[in-house]
Each structure stands twice: as structure tokens, then as C-alpha cells.
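So the sequences go chain by chain: R and Y. Per our numbering, the first sequence starts with residue 1, numbered consecutively. Per our numbering, the second sequence starts with residue 1001, numbered consecutively.
Hints are not guaranteed to be accurate.
Simulated coverage check for chain R against chain Y, where a stretch passes if three residues somewhere in it have a Cβ under 8 Å from a Cβ of chain Y [said to hold, decoys possible]:
id, stretch
1, 59 to 68
2, 98 to 112
If you want the ones that stay clear, here's a sample from chain Y, every Cβ over 10 Å from chain R, calculated [claimed, not checked]:
id, residue
3, 1007
4, 1020
5, 1026
6, 1028
7, 1044
8, 1070
9, 1075
10, 1083
11, 1085
12, 1100
13, 1104
14, 1112
Since the hints were derived computationally from the structure, they do not count as laboratory data. Ideal Cβ positions, reconstructed from N, Cα and C, are used throughout, including at glycine.
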Amino acid sequence: RKEVEQDPGPFNVPEGATVAFNCTYSNSASQSFFWYRQDCRKEPKLLMSVYSSGNEDGRFTAQLNRASQYISLLIRDSKLSDSATYLCAVIRLDTGRRALTFGSGTRLQVQP
Amino acid sequence: ETGVTQSPTHLIKTRGQQVTLRCSSQSGHNTVSWYQQALGQGPQFIFQYYREEENGRGNFPPRFSGLQFPNYSSELNVNALELDDSALYLCASSFGGDEKLFFGSGTQLSVL
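Produce the entire structure from the sequences given, and follow the hints as far as they go.
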């Protein structure tokens, strides 16, 4: 079982739709959580950190459920420019190093 | 732009050859991490350098090695290239234990 798992998609949604992605992690020592956005074969860019209390940045909302070991990303009012791959990533406390473990990504295609 | 630069952007090698990839970290950042991203997968942690010392390593064989220089730039060396080494190699810099990483645009390595 992979340490961080995501539905690969693709999620095909019309402009203006609301879409949600989940990401599950298997190691309870996971400490920090992030969502990255990656355009085709370019570098990942940090979209947002995910806090226990949940956090929002404009149209994007991230939530963490430690009991069920998953994080989620909600995108409201989807734009064409949101089309990308969304990677979730975690940092584990037990390894002694601050290295990101990524999921394989969920591809989002927003259609006109 | 993150201020993290990688060279070269693309590289073609044949099996058995050796390759060196380079990364200049963002100004003020003293930690460099290297990741390998195969097609359709998330980035996988190779290793991290902090103040010229290796500070953690992922599940990669010893033929993957690295260096960090006094100016905090870094090199990734891969010996005895295999076809499966074909991937996007990403460098990320950060300051100390800061969890926010800034990625370079990567080097696309193709091994034939």
C-alpha cells in the first residue's frame, strides 16, 4: 500500500462547478500536510498548507481529518485555469528529516 | 519564479552512462532536496543536503549521490544509468527546517 494515495482521475468538470479531491495517508506519524499544483511536466507549486482547523484561500478550502487519516481539497467556481494535477504531500515526524512524501496526483480538467 | 534554477533542462543519455544535474538554490536558502518524478507519479524523495552534509535519504541506491557546495548550490550524480532512471528530476530549496519548499523547473532526463 502506498503511503499517500490519491484518485488519479481525471476529474472532468464544467466551468463554475465545485470539485473535491481526497487524499489518504497511511502513517499516523504524518505531521504536516500540503496541497501542490502541478501543470504538465512543470514543477510543483505550493497551493496551500493544510491545518487541523481547516483553512481557506479564496476559492480553495483544505481540510484535515486525523482520525480517518485523510486530507481534502475543495475548489469552488472552477476556472479553466484550474486545470492541472493536484498533488497532496505529507511530512512524517518519525523519520527525523523534513522530506515530502507525495501522492501520485489527481488530474483536473475544467471544460468550457 | 522561485529563484531555484536547474540545469540542464533536458538531457538524453544511454544506459550505463553517468550524469550530473545541477541546482542553484534560492538566495538565503541553505537546504536543498532532490526528487525524482516518473511519468504519472508524484515526486519521490532522493536525498536532502543541509550545510553541505547529507541530511536524509530516500529509497534510492548508492549510485545516486550528491553534493552541496559552500554557496548551497547542489549536484545530483547518477552512475550506471538504467532505463528506469528516465524521469523529471526536481530540486527544491528551503531555509533550515522550514517545511515550505521552492521547486526548480526540473531536468527531464531520458535514458535510451
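Is the claim that residue 1083 (chain Y) lies outside the interface with chain R correct, judged by CB distances over 10 Å?
Given a closest Cβ separation of 19 Å, the condition holds.
So is the stretch 59 to 68 of chain R in contact with chain Y by the C-beta rule, three or more residues under 8 Å, or is the coverage claim wrong?
Violated, because only 0 residues of the stretch 59 to 68 of chain R bring their Cβ atoms closer than 8 Å to Cβ atoms of chain Y.
Residue 1044 (chain Y) clear of chain R by more than 10 Å, beta carbon to beta carbon?
Violated, since 7 Å does not exceed 10 Å.
Residue 1085 (chain Y): least C-beta distance to chain R exceeds 10 Å?
holds, 17 Å
Check on residue 1100 (chain Y) being off the interface with chain R, judged by Cβ distance over 10 Å
violated, 6 Å
Chain Y covers the stretch 98 to 112 of chain R, three or more CB atoms within 8 Å, holds or violated:
holds (count 8)
For residue 1020 (chain Y), which was marked as not at the interface, is the minimum beta-carbon distance to chain R over 10 Å?
About 20 Å separates residue 1020 (chain Y) from the closest Cβ of chain R, which puts it past 10 Å; holds.
Is the Cβ of residue 1007 (chain Y) farther than 10 Å from every Cβ of chain R?
holds, 14 Å
Using Cβ atoms and 10 Å as the threshold, tell me whether residue 1075 (chain Y) really stays out of contact range of chain R.
holds, 18 Å
May I ask you to check that residue 1070 (chain Y) keeps its beta-carbon over 10 Å from the closest beta-carbon of chain R?
Check passes; 22 Å lies beyond 10 Å.
Beyond 10 Å from every Cβ of chain R: is that where the Cβ of residue 1026 (chain Y) lies?
holds, 13 Å
Verify that the Cβ of residue 1028 (chain Y) lies farther than 10 Å from every Cβ atom of chain R, and report whether the claim holds or is violated.
holds, 17 Å
Going down the numbered hints, you'll see the structure goes against 1, 7, 12, 13, while the others check out.
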